[in-house]
Amino acid sequence: MRWSGQGSGQRRGYHHGNLREALIEAALDLIARKGPAGFTFAEAARSAGVSSAAPYRHFRDRDALLADVALRGFELFAAHLENAWGNGRPDAFRAFENVGHAYLAFARDEPAYYSAMFEAGIPL
Numbered sequence: 001m002r003w004s005g006q007g008s009g010q011r012r013g014y015h016h017g018n019l020r021e022a023l024i025e026a027a028l029d030l031i032a033r034k035g036p037a038g039f040t041f042a043e044a045a046r047s048a049g050v051s052s053a054a055p056y057r058h059f060r061d062r063d064a065l066l067a068d069v070a071l072r073g074f075e076l077f078a079a080h081l082e083n084a085w086g087n088g089r090p091d092a093f094r095a096f097e098n099v100g101h102a103y104l105a106f107a108r109d110e111p112a113y114y115s116a117m118f119e120a121g122i123p124l
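For the sequence shown, the working numbering assigns the number 1 to the initial residue and increments by one for each residue that follows.
Simulated from the structure, these hints should not be mistaken for laboratory data. Wrong hints could be hidden among the right ones.
Cross-link-like lysine to aspartate or glutamate pairs, in silico, EDC-like; alpha carbons within 20 Å at most [said to hold, decoys possible]:
id, residue 1, residue 2
1, Lys34, Glu110
2, Lys34, Asp68
3, Lys34, Asp109
4, Lys34, Asp61
5, Lys34, Asp63
6, Lys34, Glu119
Ranges between beta-carbon positions, derived for each pair [to be verified]:
id, residue 1, residue 2, range
7, Glu75, Gly100, 16 to 22 Å
8, Thr40, Pro90, 49 to 55 Å
9, Arg94, Glu119, 27 to 33 Å
10, Leu81, Lys34, 25 to 31 Å
11, Ser51, Ala105, 37 to 43 Å
12, Glu97, Arg60, 37 to 43 Å
13, Ala42, Arg89, 46 to 52 Å
If you're wondering where the values come from, they're calculated on a predicted model, not measured in any experiment. For every residue, glycine included, the Cβ atom is placed at its ideal position computed from N, Cα and C.
Produce the entire structure from the sequences given, and follow the hints as far as they go.
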């Protein structure tokens, strides 16, 4: 006896890894292509290879997904700024200059996170 879809070669739903992480990665990709307001929760689900109902296991709604992306962006951003500040010690002017460069580099290198953080309008 075979269960439906088992061994048939058909693509099955998302059954491996971490769905939450897959949804965040899908959201980052969509933000990079369409901006933080340019996609739906269902599109994020499709991009992650799951049903449109699956994201609700981890996020209340699209805004909650965006908030999680933005929060992760702020954590990454803070680490970049702290590193830049530390690399400028003991010269305060150099540290301040390094932080400015790190800010601009983050915006350039992580545009999806930056958009989620500063353009989505999601309260954290």
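Evaluated hints:
{"no.": "1", "hint": "Lys34 - Glu110", "in the structure": "holds (15 Å)"}
{"no.": "2", "hint": "Lys34 - Asp68", "in the structure": "holds (18 Å)"}
{"no.": "3", "hint": "Lys34 - Asp109", "in the structure": "holds (17 Å)"}
{"no.": "4", "hint": "Lys34 - Asp61", "in the structure": "holds (18 Å)"}
{"no.": "5", "hint": "Lys34 - Asp63", "in the structure": "holds (16 Å)"}
{"no.": "6", "hint": "Lys34 - Glu119", "in the structure": "holds (12 Å)"}
{"no.": "7", "hint": "Glu75 - Gly100: 16 to 22 Å", "in the structure": "holds (20 Å)"}
{"no.": "8", "hint": "Thr40 - Pro90: 49 to 55 Å", "in the structure": "holds (50 Å)"}
{"no.": "9", "hint": "Arg94 - Glu119: 27 to 33 Å", "in the structure": "holds (31 Å)"}
{"no.": "10", "hint": "Leu81 - Lys34: 25 to 31 Å", "in the structure": "holds (27 Å)"}
{"no.": "11", "hint": "Ser51 - Ala105: 37 to 43 Å", "in the structure": "holds (38 Å)"}
{"no.": "12", "hint": "Glu97 - Arg60: 37 to 43 Å", "in the structure": "holds (41 Å)"}
{"no.": "13", "hint": "Ala42 - Arg89: 46 to 52 Å", "in the structure": "holds (48 Å)"}
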